[in-house]
Amino acid sequence: MIDRDYAQFSRYTRGISEPRGPILLSGTQALVRMLLAQAQADRRAGRDTAGFVSGYRGSPLGSVDLEMWRAAKLLDAANVRFHPAVNEELAATAVLGSQKVETDPTRARDGVFAMWYGKGPGVDRSGDALRHGNAYGASPTGGVLVVAGDDHGCASSSMSHQSDLALIAWGLPVVHPASIADYVEFGLWGWALSRFCGLWVGFKAVTETVETVRTLDDDAGRAWSDALVLPPVDAGPDGLHWRWPDLPGPQIERRLEYKARAAAAFAAANPLERLAAPCASPKCLIAAVGKAYLDVLEALRIGGLTPDALARAGVALMKVGLVSPLSPALAALAARVDEVFVVEEKAAVVEPLLKAHLYGAAHARPRIVGKHDEAGRPLLPSATELRPSRLAAALASRLGRYGLALREPDHARSPSVPPLALPKRKPFFCAGCPHNASTRVPDGSRAQLGIGCHALAAQMPERNTSGSVQMGGEGVDWIGQSPFVREPHIFQNLGDGTLFHSGHLAVRQAVAAGVNVTYKILYNDAVAMTGGQPIDGRLTVAQITRLMQAEGVRRIVVVTPEPAAYRTDGFADGVGVEPRERLDAVQRELRDARGVSVLIYDQVCATEERRRRKKAGAAAAARARPKVFINESVCEGCGDCQRQSNCLAVVPVDTEFGRKRQIDQQACNSDLSCLAGFCPSFVTIDGASGAPSRDRARADAALARVAQLPLPETALGDAPYELAICGIGGTGVVTVAGVVALAAHLEGNVASTLNFSGFAQKGGAVLSHLRIARPSAALHQARIDTGRADAMIAADLVVASAGEALEMIRPGHTRIVANLHEAQTGAMLRDPDASVDVDAIDALLRACAGASRVASVDAHARVQAIGGALYGNMFLLGYAWQLGLVPVSLGALERAIDMLGADAPSNRRAFSYGRLEAAGGAHGAEGDGGEDGARGRQASPSVDDRVESRAAYLAAYQDARYASRYRARVDAARAAGERIGDARLADAVAVNLFRLMACKDEYEVARLHTEPAFLDRIAAEFGPGARVSFHLRAPLAGWLSRERGAQRAIRVGAGMLPALRMLAWLRRLRGTPFDVFGYLPHRRAERRLIAEYDALLDEVLPSVTAATADIALMLLDLPQTIRGYGEIKRRSIAEAALKRREWLARYRGARTGRAKFVPIVFERGQRESA
1 MIDRDYAQFS RYTRGISEPR GPILLSGTQA LVRMLLAQAQ ADRRAGRDTA
51 GFVSGYRGSP LGSVDLEMWR AAKLLDAANV RFHPAVNEEL AATAVLGSQK
101 VETDPTRARD GVFAMWYGKG PGVDRSGDAL RHGNAYGASP TGGVLVVAGD
151 DHGCASSSMS HQSDLALIAW GLPVVHPASI ADYVEFGLWG WALSRFCGLW
201 VGFKAVTETV ETVRTLDDDA GRAWSDALVL PPVDAGPDGL HWRWPDLPGP
251 QIERRLEYKA RAAAAFAAAN PLERLAAPCA SPKCLIAAVG KAYLDVLEAL
301 RIGGLTPDAL ARAGVALMKV GLVSPLSPAL AALAARVDEV FVVEEKAAVV
351 EPLLKAHLYG AAHARPRIVG KHDEAGRPLL PSATELRPSR LAAALASRLG
401 RYGLALREPD HARSPSVPPL ALPKRKPFFC AGCPHNASTR VPDGSRAQLG
451 IGCHALAAQM PERNTSGSVQ MGGEGVDWIG QSPFVREPHI FQNLGDGTLF
501 HSGHLAVRQA VAAGVNVTYK ILYNDAVAMT GGQPIDGRLT VAQITRLMQA
551 EGVRRIVVVT PEPAAYRTDG FADGVGVEPR ERLDAVQREL RDARGVSVLI
601 YDQVCATEER RRRKKAGAAA AARARPKVFI NESVCEGCGD CQRQSNCLAV
651 VPVDTEFGRK RQIDQQACNS DLSCLAGFCP SFVTIDGASG APSRDRARAD
701 AALARVAQLP LPETALGDAP YELAICGIGG TGVVTVAGVV ALAAHLEGNV
751 ASTLNFSGFA QKGGAVLSHL RIARPSAALH QARIDTGRAD AMIAADLVVA
801 SAGEALEMIR PGHTRIVANL HEAQTGAMLR DPDASVDVDA IDALLRACAG
851 ASRVASVDAH ARVQAIGGAL YGNMFLLGYA WQLGLVPVSL GALERAIDML
901 GADAPSNRRA FSYGRLEAAG GAHGAEGDGG EDGARGRQAS PSVDDRVESR
951 AAYLAAYQDA RYASRYRARV DAARAAGERI GDARLADAVA VNLFRLMACK
1001 DEYEVARLHT EPAFLDRIAA EFGPGARVSF HLRAPLAGWL SRERGAQRAI
1051 RVGAGMLPAL RMLAWLRRLR GTPFDVFGYL PHRRAERRLI AEYDALLDEV
1101 LPSVTAATAD IALMLLDLPQ TIRGYGEIKR RSIAEAALKR REWLARYRGA
1151 RTGRAKFVPI VFERGQRESA
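To convert, note that position 172 of the sequence shown is 172 in UniProt numbering; the numbers rise steadily by one, no gaps.
Calculated from the structure, these hints are not laboratory results.
Note that the coordinates shown come from a computational prediction; the quantities given were computed from them, not determined experimentally.
Beta carbons are placed, not taken as given, at the ideal position from N, Cα and C, and that holds for glycine.
One or more hints might be untrue.
Unchecked claim - Computed list of lysine-lysine pairs in DSS-like fashion (alpha-carbon distance at most 27 Å, straight line):
hint	residue 1	residue 2
1	Lys73	Lys614
2	Lys100	Lys73
3	Lys73	Lys615
4	Lys371	Lys355
5	Lys371	Lys283
6	Lys614	Lys627
7	Lys283	Lys355
8	Lys615	Lys627
Stated by the list, open to error - Here are the in silico distance ranges between beta carbons for each label pair:
hint	residue 1	residue 2	range
9	Asp573	Ala260	55 to 61 Å
10	Arg70	Ala393	57 to 63 Å
11	Ala847	Arg407	23 to 29 Å
12	Asp234	Arg365	38 to 44 Å
13	Ala593	Met899	31 to 37 Å
14	Pro378	Arg70	42 to 48 Å
15	Val653	Asp584	26 to 32 Å
16	Gln666	Glu462	23 to 29 Å
17	Ser852	Arg70	43 to 49 Å
18	Ala593	Glu1135	35 to 41 Å
19	Asp584	Pro905	46 to 52 Å
20	Ala260	Ala593	53 to 59 Å
Taking the hints into account, I'd like the entire structure generated from these sequences.
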């Protein structure tokens, strides 16, 4: 039965302002619910309180502010004020102010309960503020909770963090929830403790809890205020709470001692600790701290043991929630046993506290082990996160002493993976990201990175960017380095969010030191790294210019893509504005200036700009920049457009004539930087509106058959069902996982998701762990452990082939749906021949899981008919569901998709289309997904097919006689191949001779741009009202000049089509004395290449033998390295000439037996790259 009363904000209202019922929420949303629950508890108790929240975003707490804003109406009604701060220490100081309200005679409330939040580095930098706040204290009707986001696994940080050690050093008690099921309970407990003892209370939110989404029974009814025991304590002469005056002196430390004793008394009276099962006479105690408790439970479940079985053998399992002070409940039970095994993640905290407490005790001397055993041998890791599989061996060794056998299942080990050199899906700049251009440096210079998306430049060798310091210290390390090195100057990248946070002080320090440094302030008008939030205040380019001038910076320049539309009102005097095309020149000028200079690169974050356009709707579409389109027939596949733009929206596409480039229209942000590529294949389209396609009509007709499809079995078994989803950041992987979890929740089951996106952005790896169980089953931890996946949706093969994904596969058990689309990686932008070997990865997944357990489909190709790549992951969800790999009902899934709110009808269509494809109904194919399940792929053409298609092309290019000349040469190569039994010769000549004979001169570019098929395609894709402009290159540009600045394209509109058609008709003059273009140096060079290749064929084909065939193929394949236009082609011709001389000498030597040849193997796709 589907819970149709469940709505978006039920996660906050059920059990608080509505009747109780199950809820689904994330760890961040649990923080919001915690505030609402505390406000409700105070109202019930007759206290007129308010709430105050302040902090600074950062993963794993990167979306706290977004959730607070989404719940603003509920928080306002509960008198909770959210005020994000400029930085973390200022947030802590603001929280300190909230505790003064209770003693203020003008107060409007009885008190204010407060929450501070920040990730691990924010805890570090706020040490002084948190220490002062804790020392001065909390108010009796207020209280402070310090939420520390700890990235134990360093998933999205410069280093991993464990904040409890620092918080304890500053005197804060610390609680550690095991999961988000504990969040509200522990939060209310923490505020109650803070009110009682006057201390601020640390709340440890690790990545694996706070970034989890989980089904819960609503827990607001467990408000601690209803059942609190307030023990009598000695408050000391000055009391425990905030007071003034409280001048500096030893009395502050004395008060902290009283507060600490009060905290211990409160913990003894109101223990957070729980025993997993009653144990009358325990001999051993397993004390599992926080999140480690669920890891222990799961390790026991997998190993065939239960807490009751442990208890019968005299082993007690305790869930420890209080890290510091030492839990009195833990200390009391530890004193009764012979052995204590403390299980905690990262560095030991509870273990040494317990050892110190029991050291020298006459009545209790238990053996205490944890990170090491009694002999000092390592037992549990300190540097890595805990998982059930990593605990199994240690648990087995300790439990075996008490007659308990923890079995290790076969699937606890990763599948055997053959050694393959596979690409990695590293995070990368979004399509159209301003950092694609802004992080470039001139030749001979280097830059230092800072905190922000722009740090991705460090993984791009050509950017020469390195180094990392704490947020706000950017460039200051140069002060200590510069006096002792010969390097005169550096560039320092500094994001606008970091500048506002603390970075302006670094600029001030650099000015004071008088070093030579150029700060590149990357102004993108959003905190893009954590979700596109606005900066917590007002910051404009004009303000930055005035601020920098006031700090003493002498030279300030603004660079922007559209300076003509730029307003300089309010700018500091002397600030210049330059176009993006002059970035390199401006940087060279600033590099030569003495002292501190500032370059402000102003361009809106690409993702944020896309969001704004979407919100603005049709009005924004009318003002939108032109769409960019590549005529693939004109494209040479040289990749210069990708090198110039560094843009992931410029993607490779395999065509009949090799690998070319095209624009991914759904990813493109109309940044237009790709137009800097030296290539006449680009056209821009104004007035694009889109047009219904015939493919869409066929898809609609096919979708009419969905209702007739059989429904798969979706019942859950006794054990949790574990589904992994591997894909690319920004494509909806997390959304798909959320839809399935919500669907499971709606039909009364329990679900959890844990998303590892790290620094994904667009183009990075995302791995979602989805676990579903019956209400009676326990999910325990959220992560899918080694060999535990029941199914996997491999939305991206590169991510699915990474170690983190492969280790979840259980051979012979895990079923996989694999997307065969080749999605490019960032590395492919720098290497036009690089590719993802889809077949090899598909084979790898089959080797790991079993060939019959993998169903493969090219989702990207399939969804073009229903709206494009945006719906690829929802298509794959439908495909997997129809195969029975997603155990939720159809009604629940459709309801969950509708609750998304974002284009629900299109997402339902994509889901249904995936179902139809899996059943073989979309394209008439079988959907069994076995060995031949790799559908949507085209077979490679035969040599005869290649020859015929290319001969037809050459006839249109010039005439039939020209095509006959081509056929004759290929026939000669075929005969030579038959003579030695090697068909590769004919294939090589068919491909490479065509490349030379079909060189794209002025006539050919004009012909290809005016072909009716191309113009019809433009109209079909962008609508009949689309206005086309061609970006052509002057014939002499780029050949006569080696400077890129002289290679600017000439934009001509559709009014030039008659002239282009006339130029195409004049191709009949090609090669005659009337061919004016034929006299240009580059055209003569291209025709010389044909003559040289003819000469090469005359030498190689009669003399080639089976022994010399490999080196002959290298020679014959050389033209595939000649590509591009202008200077790019000139360089490739020169490089090919050098190789030709070298390899021809080798061939001649090999033919006479005077040289030994070691064959060079071409990578897949190189021969056909055109």
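Here is how each hint holds up against the structure:
At most 27 Å may separate the alpha-carbon atoms for a hinted pair to count; Lys73 and Lys614 meet this at roughly 24 Å. Between Lys100 and Lys73, the direct Cα distance comes to roughly 26 Å. Compliance with the 27 Å bound is thereby established for this hinted pair. A C-alpha spacing of about 21 Å is found between Lys73 and Lys615, which places the hinted pair at or below 27 Å, so the restraint holds. Distance check on the hinted pair: Lys371 and Lys355 sit about 13 Å apart at the alpha-carbon level, within 27 Å; holds.
Among the hinted pairs, Lys371 with Lys283 is consistent with the structure: their alpha-carbon atoms are about 20 Å apart, no more than 27 Å. Distance hint between Lys614 and Lys627 is fulfilled; the C-alpha atoms sit about 16 Å from each other, no more than 27 Å. For the suggested pair Lys283 and Lys355, the alpha carbons sit about 17 Å apart, so the restraint of at most 27 Å is met. The straight-line distance between the Cα atoms of Lys615 and Lys627 is roughly 19 Å, inside the 27 Å bound, and the hint therefore holds.
Distance hint check: the CB atoms of Asp573 and Ala260 are about 57 Å apart, consistent with the given range 55 to 61 Å. In this structure the hint that Arg70 and Ala393 lie 57 to 63 Å apart at CB is violated, the actual value being about 44 Å. Distance hint check: the CB atoms of Ala847 and Arg407 are about 27 Å apart, consistent with the given range 23 to 29 Å. At about 30 Å, the beta-carbon gap between Asp234 and Arg365 misses the expected band of 38 to 44 Å.
The supplied range of 31 to 37 Å is broken by Ala593 and Met899, whose beta-carbon atoms lie about 57 Å from each other. A hinted range of 42 to 48 Å holds for the C-beta pair Pro378 and Arg70, which are about 45 Å apart. Separated by about 30 Å at the C-beta atoms, Val653 and Asp584 satisfy the suggested range of 26 to 32 Å. Hint check: Gln666 to Glu462, Cβ distance near 28 Å, so the stated range 23 to 29 Å holds.
Taking 43 to 49 Å as the suggested C-beta distance range, the pair Ser852 and Arg70 conforms, at roughly 45 Å. Taken as a hint, the range 35 to 41 Å holds for the pair Ala593 and Glu1135, whose Cβ atoms sit roughly 38 Å apart. Distance hint for Asp584 and Pro905: a CB-CB separation of about 47 Å, consistent with the stated range 46 to 52 Å. At roughly 56 Å, the beta carbons of Ala260 and Ala593 sit within the given window of 53 to 59 Å.
When each numbered hint is compared with the structure, violations occur for hints 10, 12 and 13.
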